[in-house]
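Q: Letter by letter, the chains look like this.
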Amino acid sequence: MRRSTSRRDRGSDRPRRSRNPSDRLFRGATLGFALAILGLALLVAWQLFIHSKLSREQFGWSFLWTQTWDPVAGQFGALPFIYGTLVTSVLALVIAVPLGLGTALFLAELAPPRLSQWLAFMVELLAAIPSVIYGLVGIFIVVPWVRVHLEPALSGTLGFLPLFRGAPYGVGFLTAGLILAVMVVPFITSVSREVLLAVPRVQREAALALGATRWEMLRMAVLPYARSGIAGSILLALARALGETMAVTMVIGNKPQIAASLFEPGYTMPAVLANEFTEATDDLYLHALIEIGLVLFVVTVLINGIARLMLMRLAVPAGPVKR
Amino acid sequence: MRARPYALRKATNAVALGLTGAAAALTLGILFAILAYIAANGASALNWDFFTKLPAPVGETGGGLANAIVGTLKLLLLASAIGIPVGFLGGVYLAEFGHGRTGFVVRYASDVLNGVPSIVIGIVAYTLIVLPMKQFSSLAGGVALGIIMIPTVVRSTEELLKLVPSNVREAALALGVNEWKTVLFVVIPTALRGVLAGVLLSLARVAGETAPLLFTALSNRYWSHGWLEPTASLPVMVYTYAIAPYDDWHRQAWAGALVLITMVLGVNILARLGVSRRASAS
Amino acid sequence: MHLLPDLKKALPARASLAPTPEEAPEAMRTEALSAWFGPHQVLHEISLRFPARQVTALIGPSGCGKTTYIRCLNRMHEVVPSARVGGKVLLGGEDIYAPKVDPVLVRRRIGMVFQKPNPFPAMSIYGNVAAGLRLTGLAKGRSLDEIVERSLRQAALWDEVKDRLHQPGTDLSGGQQQRLCIARTLAVEPEVLLFDEPCSALDPVATEKIEQLLFELKKRYTIVIVTHNMQQAARVSDLTGFLLMGDLVEFGRTESLFTTPKDPRTEAYITGRFG
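Chains as they are written, first to last, in numbering that gives the first Met the number 0: chain V, 0 to 322; chain Y, 0 to 281; chain X, 0 to 274.
Next comes chain V alone, as it looks inside the complex (with noise of 0.2 Å):
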């Protein structure tokens, strides 16, 4: 800065706006309606906090350790709950993410653009699709398939690990975890491909000069730029696996247990909600419940919030939304 002439600076770091009055009342109408969307999430969160509390008040944080789920009693712990939830979440990772990345890098890597942004499409569709149409193609197509073919192949082969032991009930942790990983893919691949597709050039041919296969140029050059947001998109995919409610209820056998074989029946968060929400017939059952909910909005905001800040940086867009 040569010479200071701030005689009479005006403005500041933010764009100088308008002080007419008609201008004024729009931003100010649409600023209205941007703080109400603020005030609905902070009303979620209050709803879920006050509805919660004659149990939380009771069991304190034994609610989230106790295994008893015992409405006449008036017993309630949620750890069957909170296991169903992650063992099929987890499970569905361990099947999505090497197919959502497969297909993420076939799309992005190999694929020819047009090509590639109909297929792109193609997967958005799926997770289109609403979850009570996967419940219904479980019910009557996965599950049997699932007791006459899989579960009798799996204990055949890896019946020594006692995850794979036991009847072929055909409902089960398993079978949640299959359907929640097609319902997941399209999370991990479309948010990953564009995390791909936006890798910088000259990171590929710096790679693809020094000699390498292609292979070898993703594996080196494009995965390792990309991982954060890959990272990110299995993230997302986590927190929507574990707040997906009609396909795995109608699935996983609503049986509130933790057992170590996933072909046994399990029980999950949403599905315990969805089930016997209408039937709380007392205050302490529904406040119990919506215990539950308060569980899972936490943990899903926790996931995505750390999702959405590790896309952030990357200014990639965070879809295909959530429906």
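By construction, these hints were calculated from the structure, which means they are not laboratory data.
One should not assume that every hint holds.
Claimed, not checked - Residues from chain Y shown here face chain X by an in silico Cβ test under 10 Å; the list is partial: (1) 169; (2) 174; (3) 180.
As the list claims (entries may be wrong) - Looking from chain V toward chain Y, a few residues come up when the C-beta cut is under 7 Å (computed): (4) 44; (5) 46; (6) 50; (7) 125; (8) 136; (9) 143; (10) 238; (11) 245; (12) 277; (13) 301; (14) 303.
Note that the Cβ used here is the ideal one computed from N, Cα and C, for glycine as well.
Given the structure of chain V, go ahead and fit chains Y and X onto it with the hints provided.
A: Structure of chains Y and X alone, referenced to chain V:
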């Protein structure tokens, strides 16, 4: 680094790339399998009664889901009345004025809301509306769906308005046009097709929502009058019928699924075509 | 590359029957105008006088601040986040930056044509020209058709578009789009016209049309044009200012600035030694 033979490296390359192709084929194969199952099972169960009749009494066969179709349309109407204005104007704020801290916080809140499981939104609609009014109602269901719509409308509106080049805004401002008229009559019309497509997509999304309706709109085997009675809806009926023990109900569940998925995918494809045609025209 | 001989040849082509720049009454003036982006000062106390119904050109290498300067003249600089302005801009003796002045009203009096043609994509040719009047509420009780026709004629576009007024403005060629933008600006009847490198996105034929248009327009309007094309400045302007790194190096009648520059930096620039 130990030098690996070139033949091995080439083989690894081929196998790894082949696996990504296989993953893509599997993912798309699953999509087509699902669509094929629904089309096959649903088409044989669809008939005129499905669209015009009430559900048959338990134990009898036949009947339809006319009340559920109307119920879904009513719920979508109410959801639009809440979700579109709030989401659209909130999105306008974020795109046009949301550069500062307020914008950041609101954007983040909207993203958080987007990540909240829909069944949790159902709980909130229950505590806000069903509990005080002591009855399940279309109102509660519509509010739940409306809340779920908001973040998706916000995001698509914001993104599409931001695609309008700043020189279009500047041209209007330089003519001495007020800021609000610039936004309303110049910027928004430029992005209108895309914004409408975004709104349609968010409607398609909530049209298939089941979980938040289970304990807000509940269900109803008869017509629902006004906004304060429980109402049937297509997704909830598909759920109810799918888990029931009657074959005739299963048949109707498939028919319902076919109608639902035709609506949802139809809107998705239309919106996609509409937006891409505009993109290639300009 | 030595441009001086070429420039000298270009000069006599300019009609000089108009009053000399020094005699013309003042339309607009800046006093110690400074501008910032965030902490970065991009203009340093520039004072200039723009005579009425004359063309004043501002030249200089890219990044010299000429675009920022012209955007300060109708308060467009401030619409960019973190932008600030200091000093005065006097239009007819009144400071357009005085606290009570509404920038919206300033911009109606001082029109602007941008570097890249920017017709409103959602509007027809007719709609584009009428937009300023409609959106500022000036259309009431006036014949829009007449104003649109007159503006398009003034912008030398009428004959090319009169049969397709209701087609989208974005269907026109680049040069036509720029003249459409000029017509759109003329329709609100400003007093001053600002041109921010109006030809930089156009081919030579379209450029020549715009330059001819400037001769016509200066009969009625005070014109300020920013250009990085020195021949263009020499061809169209009566007065020229040379800006370098946010400072006004030299200002004077176009002929004298290009033939006998007083400052060695000006001479270096117009003879092509940098920029």
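Q: Compare the structure with each hint and give your call.
A: Hint check results:
1. 169: Nearest chain X Cβ about 6 Å off; hint holds.
2. 174: At about 4 Å, which falls below the 10 Å cut-off, the nearest Cβ of chain X leaves the hint on residue 174 (chain Y) intact, so it holds.
3. 180: Cβ of residue 180 (chain Y) sits 5 Å from chain X, so the hint holds.
4. 44: Given a least distance of 9 Å, the restraint on residue 44 (chain V) is violated.
5. 46: 5 Å, holds
6. 50: 5 Å, holds
7. 125: 5 Å, holds
8. 136: 6 Å, holds
9. 143: Hint violated; residue 143 (chain V) Cβ to chain Y Cβ min 12 Å, cut 7 Å.
10. 238: 5 Å, holds
11. 245: OK, holds: residue 245 (chain V) within 7 Å of chain Y, min 5 Å.
12. 277: 5 Å, holds
13. 301: 10 Å, violated
14. 303: 3 Å, holds
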